[in-house]
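Undergrad: Sequence:
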Amino acid sequence: MTILSRIALPTAQANMDHDATIASQVSSPTIRIYTWPTAGITYPQSRPGEVQTWAIDSGHRPTGGGILFHSPGSIVFSIVVPISDCTLPRPIKSKLATVGSWLQESLNSAGFPTVPDTELPQHLQNRLFCASYHNPYELRSEGEKVAAMALRKSRSNVLIQGIIHVVSNHPYFGHLGPDVHPYLSAGLGGTMNDIARITDHLITKIPEILGFKVPL
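In terms of this note's numbering, the sequence shown opens at residue 48 and continues consecutively.
Treat the hints with care, as some may be off.
Stated by the list, open to error - Subject to a maximum C-alpha distance of 30 Å in a straight line, what follows is the list of computed DSS-like cross-link-like pairs (lysine-lysine):
hint	residue 1	residue 2
1	Lys200	Lys252
2	Lys260	Lys140
3	Lys140	Lys200
4	Lys252	Lys140
5	Lys260	Lys200
By construction, these hints were calculated from the structure, which means they are not laboratory data.
Note that the coordinates shown come from a computational prediction; the quantities given were computed from them, not determined experimentally.
Please take these sequences and the hints and turn them into a complete structure.
TA: Next comes the structure, spelled out in structure tokens:
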């Protein structure tokens, strides 16, 4: 049986370390879905950019991608699957495509239609930031990137981490200055009241789309 976790820890680094610990120890597929507690930033460990100079909670991720802004109320998830597990398709791109379909179908059924991410105009790209880091398996709504994910593969497992921007993160990070503003997301336009409903749809869709049996 797949392990389903709802654990949310109080800081960005604590949450990232928790995923890394699960990924280093897992023997069964583990899916963690939780609500982000306070405004915080995560970044790939090898590319922090200027994050460490900003006076805000931050933590380095065990996965790649770009600098990511987490609003309170963002839905954050991680999926850890042993290499030997065949539930998700074996090619890495197929794994990401399946997770992207799970996110899109769940959001659609919750009343938030989305479309897959498309390539941004070259002048808007900045690979330091998640919002302009192109990933065709991520999702947009009204031109805003609203769902993002990153992956790490080791000899024993695959870890996928991701986020759904339910609410705008502009109110929480606008103070970081105009250089950061283009890389913030207005999100789905949802409210705190939508978080539990979207989470329920995500959990309900796990067996149908991801193929894992979970205790509902």
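Undergrad: Does each hint hold? Answer for all of them.
TA: For each hint, the structure was consulted:
| no. | hint | verdict |
| --- | --- | --- |
| 1 | Lys200 with Lys252 | holds, 24 Å |
| 2 | Lys260 with Lys140 | holds, 22 Å |
| 3 | Lys140 with Lys200 | holds, 12 Å |
| 4 | Lys252 with Lys140 | holds, 20 Å |
| 5 | Lys260 with Lys200 | holds, 22 Å |
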